[in-house]
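Number of protein chains: 4
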Amino acid sequence: MIKAGIIGATGYAGGELVRILMGHKNVEIQWYGSRSYIDKKYYQVYQNMFQIVEDVCRDDNLEELAQQVDVIFTATPQGFLAGLLTEELLQKVKIVDLSADYRIKDVSVYEKWYKIEHKSPQFIGEAVYGLCEINRDQISSKTRLIANPGCYTTCSILTAYPLVKEGLIELDTLIVDAKSGTSGAGRGAKVPNLYCEVNENIKAYGVASHRHTPEIEEQLGYAAGQQLVINFTPHLVPMNRGILVTEYAGLKRKADGSLPAYEEIKAVYDKYYAREKFVRVLEQGVCPETKWVEGSNYVDVNFMIDERTGRIIMMGALDNLVKGAAGQAVQNMNLLFGLPESEGLELLPCFP
Amino acid sequence: MIKAGIIGATGYAGGELVRILMGHKNVEIQWYGSRSYIDKKYYQVYQNMFQIVEDVCRDDNLEELAQQVDVIFTATPQGFLAGLLTEELLQKVKIVDLSADYRIKDVSVYEKWYKIEHKSPQFIGEAVYGLCEINRDQISSKTRLIANPGCYTTCSILTAYPLVKEGLIELDTLIVDAKSGTSGAGRGAKVPNLYCEVNENIKAYGVASHRHTPEIEEQLGYAAGQQLVINFTPHLVPMNRGILVTEYAGLKRKADGSLPAYEEIKAVYDKYYAREKFVRVLEQGVCPETKWVEGSNYVDVNFMIDERTGRIIMMGALDNLVKGAAGQAVQNMNLLFGLPESEGLELLPCFP
Amino acid sequence: MIKAGIIGATGYAGGELVRILMGHKNVEIQWYGSRSYIDKKYYQVYQNMFQIVEDVCRDDNLEELAQQVDVIFTATPQGFLAGLLTEELLQKVKIVDLSADYRIKDVSVYEKWYKIEHKSPQFIGEAVYGLCEINRDQISSKTRLIANPGCYTTCSILTAYPLVKEGLIELDTLIVDAKSGTSGAGRGAKVPNLYCEVNENIKAYGVASHRHTPEIEEQLGYAAGQQLVINFTPHLVPMNRGILVTEYAGLKRKADGSLPAYEEIKAVYDKYYAREKFVRVLEQGVCPETKWVEGSNYVDVNFMIDERTGRIIMMGALDNLVKGAAGQAVQNMNLLFGLPESEGLELLPCFP
Amino acid sequence: MIKAGIIGATGYAGGELVRILMGHKNVEIQWYGSRSYIDKKYYQVYQNMFQIVEDVCRDDNLEELAQQVDVIFTATPQGFLAGLLTEELLQKVKIVDLSADYRIKDVSVYEKWYKIEHKSPQFIGEAVYGLCEINRDQISSKTRLIANPGCYTTCSILTAYPLVKEGLIELDTLIVDAKSGTSGAGRGAKVPNLYCEVNENIKAYGVASHRHTPEIEEQLGYAAGQQLVINFTPHLVPMNRGILVTEYAGLKRKADGSLPAYEEIKAVYDKYYAREKFVRVLEQGVCPETKWVEGSNYVDVNFMIDERTGRIIMMGALDNLVKGAAGQAVQNMNLLFGLPESEGLELLPCFP
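Chains as they are written, first to last, in my numbering: chain A, 439 to 790; chain B, 439 to 790; chain C, 439 to 790; chain D, 439 to 790.
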């Protein structure tokens, strides 16, 4: 039985970790960390867990936690883990960090986009970027620190990855227009996240400045074998869960000037995803919808070729709290402990 | 392995049956009946099941179905099963009927409220009203026909049952004000169920005439040991899932003219529900919310005593597609086949 | 031109006052009071007013404000106006108070339900309870202080008023089950009002303890000519605007034991409302829906007689920010200044 | 007094026409055409109009209608007007057509994208594309036929127009990612528009094939003085009203290789829109939100320059039923009859 601790257990991603781990037959949650609710029963914060979780919330004592558990999930604000992580901790416990602290290899890029100083850059090199479908080989029982990918980034990267990897698109034309449900904004009490402000409304935000931009660029850059810059525009949508990305890129033309056929592109997606349990390449003409993956660890992807403009429109959908956060974290944990990758993640999408 | 067939597999309740049964380790779905989509892949109707369900939709041939499966779930319009049920069928297969055809023992009451003739009243007597928490003892491997309770009725009955059973309220004062999400209206293409008609709106409907009224009256009448009439008013709420009932009744005063104390009422609820897995009596002062049970088979109940008016306000919440339909159907199926009652129903509520 | 000042101009009710007064041809807003946003452009708080309102937000200086304007609207928390009101102020300016400070005549009732000390009870007697359809005669150019009714109370009272006034129902059986959109909870940054907490959810709150209870009781008590106690249960609904009330009461039977006929009850409603512009008694069988009054000053009411239980179910719907707050405040202002009562309130309901 | 007739008065755009025209002091609605509801009271279809509109719905008899009114609004399916329009009609009455029948000058383009034969191409040349901010000069009392622009197109065109007109962007890089509320899908009873299908969901549709594409291309082509092709991707958002477009284009660099500064681009927007009542260029850094224009005839636009990619991100928001349909139709009508362009359109956005 793997003993797990969660720091930030009362945020939305933390709550989803609890839901998923409670259904995981190899895991026992030992520590519900939540600075805001110390000594309060966890179910008094999340009443859905009444008669299911009896534990109280505890503070963020990483030292003590490391003594008691095998793995720590940190669902915490940026900078939290970076400020506390030590070699001693990593010798005692594995860490899956749901924040951005160790996702970006170039510390100056991190500090520029996040506007905070990185307090423990010495661990960045060691951290594995835990996008399992791409970096599975780098994650094993020897791995100590996982940088769990962001919600937007998981969706954005997986949607474009096969074409970038195979060199089929003009890299400098890639644009990602992303739409997210409101749980992505967290559980902080802020006016812009009030029901009446979000409901019956849609807006872009963080235009040309959202922090997930360099993360997407870095990872797709590895796939491309060269640096790239993209436009990434997130939007806030009046729904609880779900991210949809619509990505645009110029398709490289073939020697004869023609565009690749549908079947050729489909074959490339299948090459990378046909054996992936959690990535579903939809049938021709079917557009991904966030509702079809809600509550599950799936990413649905598809594409459309526009002969008129020579562009391909790629689309992807996932549940930001599952594949975009807690589900992927558990997927990484499974790899860390040598379990089947989908253990505890056989969550069927719930409709409607 | 229990072989199951579903008639009406592409309605919302049918879809939820598929979701739950797919996660049930003792069940295999053999037949996805859906007259509207015959020969279409099931996942083309419910894209969430892509790469999960490969079967095609089939017609409603009960005869053939009875040859192939151990249990049939009928998630069909009123009158469908009543028009087709025969002794031969019941000798071959167990049936869990999610329609109202066999819920009401007095056929004239059924015909009056549903405004259709009952075509097979001879089976009404045999059918067990499958509200497991109350009628568990009547359901066994010998039972052939389950009348699965309605969504509003399950919530309305369980919320008031302990007090009615123990004779603590004035029966002729009972009022049920119910609020339901829109999946309860089904998947039929009707203008009143369009997004723009339901969204940002709330209304009562079926006032003093909703068909779930006599069902609640009959079942609470058994508990009370006498007939009763109630007011039942359903409302349509802009959300997908969930039913909340708010029930009002005059509390009987004690010999000294005083009202029962909180603890006394709580003890009565606990007497009936403390050992029930799927009924949670909340802590004092906590009001049930539909969101806290979403996706699960739980019913959350609680109450408040109003000293000023002498009334008790009882509240209950459930997911209309789970405990109010498909979850309860599976709970009944488990009893029919001697399985643990909660098998396949360990669904944690999903928040947010 | 009437000069108006608003204290609390950046709350939801304050914002609606701005919207309505901007379209009122006899009014000029002179003062946008908002302690939280002093010196900020009003449109930077409510971007819908960009290029429409150029003023900045100002503090709550009632003294100075009284010098500059003819009428002050206080859309402020309970206790604010009571703590500052003086005879000097009332000699200079008319006040329409959207808080509860002067709604309840018995100060001890106010203090018990609101749990604050009333700082200026000497003005309670003078204040007119501004439910225009009932108290129109008491509001004239001599009136100095209007206690603008609450949102739930306006809807609850108007829905039952004709029957209470005419003595047609058993007073001790009256139950009000109310459902409100989330703008009623205000614009404060609190976790329970976040999008993800409210969306896809419904709950009761303030059961047997909501502050609008004594206000309804007092006003219906005047109509009845005797005190009454009621059950009032509010619910939070995932929509921005709108209140629906469903009210239950036993109908008094006639000498021959029969219940009044539909036409008799309808005639009573018409007696009070046929000439009221803002109260619409719907046609037989049509249930009020909040969407049909959204953005307007209408209250839609109707009823259904249940022969089985002997009860009448009364229903009412209004827009909590218009007839439930700002619209009614303007209606009162019109009466205070001798304008046509509906001036500036010819707002057509917006659908969908 | 202008006498107006509406064909398609019970669709969502038709209903909005009624709401706006009822508040227009120079217009009287003479004819509520609705084939589906002939002889039914209009308010029985749209209960918000109870006690406001007493007329009954009538059939689509254009001949008779032309005798009785000065202007006909056709809020009808594609092909309806084209199939009935005659020279005789146009000699008697002005027509504002909210369908696409006369928007596209090249009939073969229309027939290709709409997949129907155009039955009266002889009138296409005469029709004025009624995007008032651009084509105002072409609309006068001599104009007989207005092709009222589409909802997506109005938003897409106005957002990019100044930059296209001034030649500041690379035309072949223009991408329009659009998001619409569900009223845009109309009031037809179809499963994909049911509440439970749309709610808590977002999806793209009509990818690379939506019919508004050629309309945007044609109009922006006039501005550019050359043909262009774009990518246009609409998305369905769970809200009633509102369209948001996010547009991407490469900025042309200046001689020195630098990008234009914010102020330069702002000046270009101001050149075209500073005197436009209904187009609001927001302050730097403020992103348009659909909620801020709801219920009004405004279009809010803004932009962000991304130095990293050399692209400009343009954003626009409007209410699809007002500026995207009925409001713009009335704006056109005002021009046709020599009224102030904003007459009847002083609708303040409603928040929340």
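Worth flagging that the hints you see were computed from the coordinates, not collected in a lab.
It cannot be assumed that every hint is accurate.
Estimated spans, in silico, between C-beta atoms of each pair [claimed, not checked]:
#1 Lys-628(C) / Gln-506(A): 30 to 38 Å
#2 Ala-693(B) / Lys-715(C): 24 to 32 Å
#3 Val-547(D) / Lys-709(A): 33 to 41 Å
#4 Lys-463(C) / Lys-550(B): 40 to 48 Å
Derived pair list, reagent style DSS-like, types lysine-lysine, alpha-carbon separation capped at 25 Å [unchecked claim]:
#5 Lys-715(B) / Lys-479(A)
#6 Lys-479(A) / Lys-704(B)
#7 Lys-530(B) / Lys-704(A)
#8 Lys-715(B) / Lys-715(A)
#9 Lys-628(A) / Lys-479(C)
#10 Lys-478(D) / Lys-704(C)
#11 Lys-463(D) / Lys-628(B)
#12 Lys-628(A) / Lys-628(C)
#13 Lys-479(B) / Lys-715(A)
#14 Lys-478(A) / Lys-715(B)
#15 Lys-463(A) / Lys-690(B)
#16 Lys-704(B) / Lys-478(A)
#17 Lys-479(B) / Lys-715(D)
#18 Lys-463(D) / Lys-479(D)
#19 Lys-628(B) / Lys-715(D)
#20 Lys-479(D) / Lys-478(B)
#21 Lys-479(D) / Lys-463(C)
#22 Lys-628(A) / Lys-478(C)
#23 Lys-704(C) / Lys-628(D)
#24 Lys-690(B) / Lys-628(C)
Think of the CB as a built atom: it goes at the ideal place given N, C-alpha and C, for glycine as much as any other residue.
Hint by hint, here is what the structure shows:
1. For the pair Lys-628(C) and Gln-506(A), the supplied restraint of 30 to 38 Å holds, since their beta-carbon distance comes to about 34 Å.
2. Remark: the range hint 24 to 32 Å for Ala-693(B) to Lys-715(C) is contradicted by a beta-carbon distance near 54 Å.
3. The supplied range of 33 to 41 Å is met by Val-547(D) and Lys-709(A), whose beta-carbon atoms lie about 38 Å from each other.
4. Lys-463(C) and Lys-550(B) have their C-beta atoms about 57 Å apart, which leaves the hinted 40 to 48 Å range violated.
5. Between the alpha carbons of Lys-715(B) and Lys-479(A) the distance comes to roughly 20 Å, so the proposed pair stays at or under 25 Å and holds.
6. This hinted pair checks out: Lys-479(A) and Lys-704(B) have alpha carbons roughly 21 Å apart, not beyond 25 Å.
7. Taking the CA atoms of Lys-530(B) and Lys-704(A), the gap is near 47 Å; set against the 25 Å cutoff, the hint is violated.
8. Annotation: proposed proximity of Lys-715(B) to Lys-715(A) is violated, straight-line Cα distance about 33 Å (limit 25 Å).
9. The suggested pairing of Lys-628(A) with Lys-479(C) holds, with an alpha-carbon distance near 20 Å, which does not exceed 25 Å.
10. At roughly 23 Å between alpha-carbon atoms, Lys-478(D) and Lys-704(C) fall within 25 Å of each other, so this suggested pair holds.
11. Taken as a hint, the Lys-463(D) and Lys-628(B) pair is broken in the structure, with Cα atoms around 36 Å apart against an allowance of 25 Å.
12. Restraint check for Lys-628(A) and Lys-628(C): satisfied, since their Cα atoms lie roughly 7 Å apart, inside the 25 Å limit.
13. Taken as a hint, the Lys-479(B) and Lys-715(A) pair is honoured in the structure, with Cα atoms around 20 Å apart against an allowance of 25 Å.
14. Between Lys-478(A) and Lys-715(B), the direct Cα distance comes to roughly 24 Å. Compliance with the 25 Å bound is thereby established for this hinted pair.
15. Under the criterion of a C-alpha separation no larger than 25 Å, the hint pairing Lys-463(A) with Lys-690(B) is inconsistent with the structure, at around 48 Å.
16. Between Lys-704(B) and Lys-478(A) the CA atoms are separated by roughly 23 Å; this keeps the pair inside 25 Å, and the hint holds.
17. Between the alpha carbons of Lys-479(B) and Lys-715(D) the distance comes to roughly 53 Å, so the proposed pair goes past 25 Å and is violated.
18. Proximity of Lys-463(D) to Lys-479(D) is assessed by CA-CA distance (about 23 Å); at most 25 Å being required, the pair is judged to hold.
19. At roughly 40 Å between alpha-carbon atoms, Lys-628(B) and Lys-715(D) are farther apart than 25 Å, so this suggested pair is violated.
20. Proposed proximity of Lys-479(D) and Lys-478(B) is contradicted: the alpha carbons are some 42 Å apart, above 25 Å.
21. Between Lys-479(D) and Lys-463(C), the direct Cα distance comes to roughly 33 Å. Violation of the 25 Å bound is thereby established for this hinted pair.
22. Between Lys-628(A) and Lys-478(C), the direct Cα distance comes to roughly 19 Å. Compliance with the 25 Å bound is thereby established for this hinted pair.
23. Restraint check for Lys-704(C) and Lys-628(D): not satisfied, since their Cα atoms lie roughly 37 Å apart, outside the 25 Å limit.
24. Taken as a hint, the Lys-690(B) and Lys-628(C) pair is broken in the structure, with Cα atoms around 39 Å apart against an allowance of 25 Å.
Comparing the model with each numbered hint stated earlier shows that hints 2, 4, 7, 8, 11, 15, 17, 19, 20, 21, 23, 24 do not hold.
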